[in-house]
Amino acid sequence: MPRRTVYEAKVEFVQILDEDGGFDEKLGKDLISDEQVVALYEHMVTCRELDEIAFKLQRSGRMGTFPQNKGQEAAAIGTAHALIKGTDWLVPCYRENAALFMHGLPMHYILLHWMGDERGNEIPPGVNITPLCIPIGTHMLHAAGIAYASKLRNEGRVVATFFGDGATSEGDFHEAMNFASVFQAPIVFLCQNNQWAISVPRESQTASETFAQKAIAYGMPGTQVDGNDLFGVYKVVKEAVDRARDGGGPSLIEAVTYRLGDHTTADDARRYRDQAELDAWLAKDPLIRLRKYLETNDLWDDQMQTELDEKAKVIVREVVKTAEGIESPATEDLFNYTFANLPDGIITQRDTLRTASIGQNPAQIGLRTQRQNA
Amino acid sequence: MPRRTVYEAKVEFVQILDEDGGFDEKLGKDLISDEQVVALYEHMVTCRELDEIAFKLQRSGRMGTFPQNKGQEAAAIGTAHALIKGTDWLVPCYRENAALFMHGLPMHYILLHWMGDERGNEIPPGVNITPLCIPIGTHMLHAAGIAYASKLRNEGRVVATFFGDGATSEGDFHEAMNFASVFQAPIVFLCQNNQWAISVPRESQTASETFAQKAIAYGMPGTQVDGNDLFGVYKVVKEAVDRARDGGGPSLIEAVTYRLGDHTTADDARRYRDQAELDAWLAKDPLIRLRKYLETNDLWDDQMQTELDEKAKVIVREVVKTAEGIESPATEDLFNYTFANLPDGIITQRDTLRTASIGQNPAQIGLRTQRQNA
Amino acid sequence: MANLTLVQSINLALAQEMEADDSIVLLGEDIGINGGVFRVTDGLQKRFGNDRVIDTPLAESGIMGFSVGLAMAGMKPIPEIQFEGFLGPAYDQLVNHAARFRTRTRGALTVPLTVRVPVGGGIHAPELHSDSPEAIYAHHPGLKVVMPATPYDAKGLLISAIRDPDPVVFFEPKRVYRSFREEVPEDEYTIEIGKAKVVSEGTDLTVVTWGASLFQCLEALDELPEDISVELIDLRSIYPFDAEAIIESVRKTGRCVVVHEAPLTAGFGAEISSQIQEHCFLYLEAPVQRVAGFDTVMPYYKLELDYLPEAPRIKSAIEECMAY
Amino acid sequence: MANLTLVQSINLALAQEMEADDSIVLLGEDIGINGGVFRVTDGLQKRFGNDRVIDTPLAESGIMGFSVGLAMAGMKPIPEIQFEGFLGPAYDQLVNHAARFRTRTRGALTVPLTVRVPVGGGIHAPELHSDSPEAIYAHHPGLKVVMPATPYDAKGLLISAIRDPDPVVFFEPKRVYRSFREEVPEDEYTIEIGKAKVVSEGTDLTVVTWGASLFQCLEALDELPEDISVELIDLRSIYPFDAEAIIESVRKTGRCVVVHEAPLTAGFGAEISSQIQEHCFLYLEAPVQRVAGFDTVMPYYKLELDYLPEAPRIKSAIEECMAY
Ligand SMILES: Cc1ncc(C[n+]2csc(CCOP(=O)(O)OP(=O)(O)O)c2C)c(N)n1
Ligand SMILES: Cc1ncc(C[n+]2csc(CCOP(=O)(O)OP(=O)(O)O)c2C)c(N)n1
Ligand SMILES: [Mg+2]
Ligand SMILES: [Mg+2]
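Protein chains in written order, with the working numbering: chain A, 1428 to 1801; chain S, 1428 to 1801; chain P, 654 to 977; chain E, 654 to 977.
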């Protein structure tokens, strides 16, 4: 056999709740209890409210650049639901706020972050989340390291890391996938393929037919899922998490979704994408779909929606108040977190707010002797 | 179909001349003419001689670190034979000297390089080769850029870039593969899987079953070939080169081979690999295999071998003489190639061989005015 | 002659050079239909086509390494890195390859690329969108580094950079991108890399600065007592830099304050201070002062103006240097 | 007390710290069964197992970023980068992540890692195996940078680095790896990061150096006329560095020569020279001199000794500084 097949692979696509409200009983039955679905829906709506208000805060000059999460809530929430809060880790990018809140990040932290305040990253003890990551594609290596630490110490923790379609182009994505698979770290790589990386469409980002198939390069399972389908996402992530926790190593999941907003508030997507495309995806909004599901199953009505909308507004108003109510950071915060033990040079800079030396008290640089006859 | 297959892929292994001398007529017939095979064999033997002598030069202190190419000649030569000298480009690492010589690199350049002399990289005009690349995995991006330049200008040039199994772990490998496939650049990625990256075996380098399947992540054809089989390598590379020249984009080829020597002269492979493994591969030496083929086909005899061995010695002796006979580089060579137009600071450093200023002629820093009353 | 912003003058220079030399290609993230996140390449893809204004995948090492290949094959690539913080992934290709090929091959293979990079703080941007890494690249042999502060200088320096046979890091101070307009000639012109500009002449003290800090220095100068005569030098080129202009000035004034946004320690101000001392030792009436970013991580934007060398800090350094 | 090479003293320190603290893991290319290309980790995998001495895939960004993750999860990773030239791919993870997490999270997540990196020229190595990038990392806030020159200092500084709650870049001058032996106590001891060592006392001129250049300085001192009394300071820590020790010395001697292998421009010598000037202005009798690598790419080895600051160049700088 001079030309023989030495390797074969395939990639599956999973969908449980389709955009018309169709539900696959075989895969979806008893997957998430009715109560839980309602709670997840409520969370989704609240997160959407925060997202819209954050947008307005930026527009009215009360916040810096903000990347809306709108449209990607099912991927975030489905994933977060499959992980154990306080045990497992979430290593996010910036479009999965809903997952972070579920795992204990106070909502106003996200606003603080985008208000230019590091205290938005001061993750509270017991909350296993790393801060939003600005340099694209770099944090998955941290996730792999955290996962491997769990394995080394037999802690049973699993890590889920979120990143976009664009992030898969970075070398660090490759290195993270490779390290995770070589070391069989307990981690789930959750690619939110929202079809765009700012203005660059998926087809210009990669020549591969799916992102899921990139797993094959690492001998890792890869699955594609409808990212706007809470059930589908939960299902495939849960399988991957269970496998990881059982020592089965990492997985890559491509959640096919869409960025319903601009890239950030600094962006204007009309420059580069068609309204028709956007419209088609607006119809697939995970909120609409999940509400349809709830209504079909008599778990929801207009009255509940009205109450929820009101409740969400109240919650978010409070969150904004908290974020805006925090006193300005002190100038000396500039200095105090550079090292655990500040070197003399930084102490001098902090205490004098100067860089070079004239006018600084010579005592501050701690001279042991002083020649007199200068 | 809530769980449906959305992607399928397979990887093939190609072998034409097996290690027992078996030859696949279907794939191999008329692939390379008898004359050419003899010429390629002669080249292989000459390159092996250079390789052994280079090793000795290092051992006797006449050269710095040297990475032997021994055992990987078929992959180099089979590839080089599939490309057009003077038109196509070779972008090498350091274990495919035989390919470079075929495309016009003077043999003593390789010695000069390892003798710590940049003149070993002063590629002669018309020779489309980049110099040996020391930082692993970084040069494939250059290859992709060169290939894309050919496409942009419709030059019809194809690029082949060589790298090891270890190199596939670097982020730049990933970025090069991605850029090449997104831009459909005319390039062949030739991975010499010699089973080891210094002391790290293939299984610790990647969890994927083959290196060829890494192509799948980029929607690129990937093929595995017996790297010690000149015919097989030529066949798959030629197919990939033809496809690339016809606008069909990039390919990845994994040549399965073995590093018969230590990693470099600074290494001692006995520290980390079994003699039995080495012995098994010594039997697969591409030289032995090709000679067997020639003899089976009445193209070669002992007499010819004796003459070739003698000829190779003479050639290599001459090469060593040339490399060692070159006068030492002038100190000012340190400076002259930093920029096309040297800044004043570098000119001053060159002319005074100093860094800071005392003792330097103030005229050299070109002061336009001089305050008198200092 | 038109009244242009920095963004516009760079756009103009790119368009004119692309028109004149078809080996020039632009490549980067979102530089095509979107015109770059700062719109610096606005309209260029439409005008020159997808083959010459290339949207790349999201990978900075890729952008840089691919550009090195294009350059070695005879093109003149102008990669854009979206923000200076994302030079990090491109660092290895830039300093270990782009900067070294001429030396490595004794001139047989060269890399005439110009990498454009928005730089510096002051615009309320997120983390890693406000740093000033010029000293890093100035320290690596084989690279030229420039940072124009005005639309006029930007056009002339960019044209020089593009025509330069070696790699140039072209930093664009984003705080200045749209902060003011200036008359910029329509015709092409060059400003020599390595030449500083004396912005205002003076006799008592020399201020050396570059990038957006120029405007903080001007503000500080405005607030100084009339009787202090300051010579203000905009370095424009970081490597090579115009030692001669500085030395000449400091030999005249005897005092110098250097101002930059990057952290103090091992910042480029240290090089300038050292060279002044080496060449003006007997002329100096006070130590050279450095007003710079602190030796701490560039903060998120709430504190960024406390970090950056703003006018009051510059003013007091000048006054104390005068009083020495 | 044993007579150890630099390689051996580092190996000893690693072993002792690993013994004492099981959150320490080593990771890097070829550090396991092979013991590292310089044998610095020889025997450690055998002793501590594959889980604590981890051979990684060939990917420096991966090594660094993975280490950042391990560290945030409570481990104390000690990555090795095989040669300083290969810090390039790890640069982004080191300066934009390892160095920033404490600041970024107000101390909630920290990165106590020590990255070991062989550094410097003089051993006839190939390209990118002989550079000296210490100024680069010293300029990036949030990193500590050390470069011991002797076996004794290496052990003490490495133990300090490992125990430090923040990331430390630990440069090992490869020219010294096996060049001599020194008595190194068996017991663990620390040397404070940020403290220089006065190698020899003197009154006429201060020489400040670090890394392998220490030995070129000693050679130069040997060849100086008897009547020149030089105070030789081995900086050991680059950031933070011992400004106090230098200032104290230069206020005494009035003259200073700084010696390092890295290129002159924006090298760490510039920072030292600047600070001396700022703090010793009225004490200086001559400009501070810098003897350094040239502003050119570190050459292949045939010319490396022409590039490096060898004893004759140091000697003449000292003599000229004395004669000023
Ligand atoms: C290393 C790096 N390069 C560039 C950028 C600028 N940038 C910010 S977001 C973005 C696109 C990200 O696309 P994707 O990964 O698909 O995530 P999405 O925004 O679509 O969620 C770019 C290019 C960055 N933040 N980091
Ligand atoms: C970026 C980088 N990291 C590390 C090294 C040190 N190094 C030199 S060769 C090598 C192994 C290369 O393995 P592989 O790619 O399989 O090529 P081979 O030597 O087996 O031909 C390593 C780690 C290097 N040269 N460059
Ligand atoms: Mg996206
Ligand atoms: Mg190999």
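Some clues are possibly wrong.
[To be verified] Dumping the calculated SDA-like pairs for lysine to any residue here, alpha-carbon to alpha-carbon at most 20 Å: (1) P:K955 - A:T1692; (2) P:K955 - A:R1431; (3) S:K1456 - A:L1769; (4) E:K699 - S:E1751; (5) E:K848 - A:L1769; (6) P:K699 - P:F736.
[To be verified] Reference listing, derived: stretches of chain P covered by chain A, where coverage requires no fewer than 3 residues with Cβ under 8 Å from a Cβ of chain A: (7) 756-769; (8) 788-796.
Calculated from the structure, these hints are not laboratory results.
For glycine and all other residues, C-beta sits at the position ideal for the given N, C-alpha and C.
The hints, checked one at a time:
1. P:K955 - A:T1692: Satisfied, since the Cα-Cα distance of roughly 18 Å is no more than 20 Å.
2. P:K955 - A:R1431: violated (62 Å)
3. S:K1456 - A:L1769: violated (74 Å)
4. E:K699 - S:E1751: With a Cα-Cα distance of about 43 Å, the restraint between K699 (chain E) and E1751 (chain S) is violated, given a limit of 20 Å.
5. E:K848 - A:L1769: The hint holds at about 14 Å.
6. P:K699 - P:F736: The given pair, whose Cα atoms are some 23 Å apart, is violated under the 20 Å limit.
7. 756-769: violated (count 0)
8. 788-796: Coverage by chain A is violated for the segment 788-796 of chain P (0 residues, Cβ < 8 Å).
Going through the hint list in order, the structure does not satisfy hints 2, 3, 4, 6, 7 and 8.
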